[in-house]
Every structure is written in structure tokens, then in C-alpha cells.
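Asks: Residue strings, one per chain:
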Amino acid sequence: AQSVAQPEDQVNVAEGNPLTVKCTYSVSGNPYLFWYVQYPNRGLQFLLKYITGDNLVKGSYGFEAEFNKSQTSFHLKKPSALVSDSALYFCAVRDKKDSNYQLIWGAGTKLIIKP
Amino acid sequence: DAGVTQSPTHLIKTRGQQVTLRCSPKSGHDTVSWYQQALGQGPQFIFQYYEEEERQRGNFPDRFSGHQFPNYSSELNVNALLLGDSALYLCASSPRTGDRYFGAGTRLSVL
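Same order as they appear, the protein sequences are chains A and B. Position in the first sequence (first residue = 1) + 685 = the numbering used here. Position in the second sequence (first residue = 1) + 2 = the numbering used here.
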């Protein structure tokens, strides 16, 4: 069965420090991987995706993510956190063979950046 | 160009009532998907509409139904509301083979 795991319910980081939000996945075939961010009372905003090619993907707002096939991980990273990065982050995966293009979602990680 | 728009933003209903949520997709998008997001959880897929037909459905009861109109806009209907239906309902639009763009959601509270 396909699944996505975000092992940390909450991540706390001081402003200016690097941040990492973890994601691991399980799919039967090759994955497309996504990160979305959700601010309070808002919908989901697309941050970045991995399709193929370079394992390091750069996205919006200075975020990047590294695809690691052997560890089946797609961790979200940012070199220097901002207070405004505080939000809920979701990792999602889609099997490349899924003709319905459905996303499987993680439960989300709450990121708190302290001044 | 407007993104995905959903209405209303908030809604309060009582148990047993029926509700209709609306979604207008991003320009150029013909596929609409609906998700339910309970507090503290990730989105759960309800169903997807393309060419005015339900193409795929998640694990939701028949109380959840939908419709897509010729202009690609969509409605989500929920009958016989239960307390457990309280959630944020998200609409996402996409081209048939493209990435999903989400609306801000409708917050439904069932009392």
C-alpha cells in the first residue's frame, strides 16, 4: 500500500537557523513527490515537487528538498528560517503509474519558528 | 487570473441538515478534486470530477455527492450531516494531467 510518513508532529527552530522537515514514503513504483504549506485558515499552497533528474529540488520561498531513493525520503529544508515560515507542512506522493494522478498525503508537520 | 475560489468560507449547520459547497477552478483547468481535512490531519480525498463525471472516489459514504458543470465549476453536497463531518473542505483544480492548485477551503461546523 502507498503511504507517506511525517514522523514529527511539530518542529521548533530558532529564526536564522537551518530547518528540516522529514518525510518518508512507500509506493509500488517510481514516485512523484510534493511539498505543500498551509497557513492558518488557508488552503494548501504548492512549494515544490520532484519528478525526475537532480535529487535536490528548489522551490518557493527559499525552500528545497532532497530526494533520496535508497532511504525513500524527501526531506524539506531551508538554510535560514524566518518567523513567517511558521505553518503546517504536508508531504505528498503520487505513483507515476497512477493514471488518476491522486496524491497520498502525510499527516502534516507543524513548523514553529521562534524569534 | 483568479486562482481556485471556494464559497462560502465558513458554514454552520446542525445534524441532519444538508449542505452544498461550491468551487470555481483556476482558469484553464478542467479537473476538480474535493478533499476533507479534519483538524490536525492531512487532506482525505473525496472524489474527482472531469468532463462532468465522477472519475474516482475515495472512501466516503454516498451521503457525499458532487456535480461538475459545463464551465468546470463544481459542487460538493453532503446530506444527513453528522458531527464528524465538521472539517475544512478543500477544492483543488488541475489540468487533466497536471498539478493540483488548492482553494482556501470552506470551514464546515456541524452542531
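Hints are computed from structural coordinates only; laboratory data are not their basis. Source: prediction; values computed, not measured. There may be inaccurate statements among the hints.
[What the hints assert, rightly or not] Chain B is faced by these chain A residues, among others (derived, beta-carbon under 7 Å):
hint	residue
1	K707
2	P725
3	L729
4	F775
5	W790
6	G791
7	A792
8	G793
[What the hints assert, rightly or not] Straight-line alpha carbon distances no greater than 20 Å define the calculated DMTMM-like cross-link-like pairs of lysine to aspartate or glutamate that follow:
hint	chain 1	residue 1	chain 2	residue 2
9	B	K28	B	D101
10	A	K799	A	D783
11	A	K734	A	E700
12	B	K15	B	E54
13	A	K754	A	D770
14	A	K734	B	E56
15	B	K28	B	E55
16	B	K28	B	D64
17	A	K782	B	D101
18	A	K799	A	E700
19	A	K781	B	D101
20	A	K743	B	E77
We put the beta carbon where it would ideally sit given N, CA and C, even for glycine.
Asks: Which hint numbers does the structure go against, in order from smallest to largest?
Replies: 1, 2, 10, 11, 12, 13, 14, 16, 20
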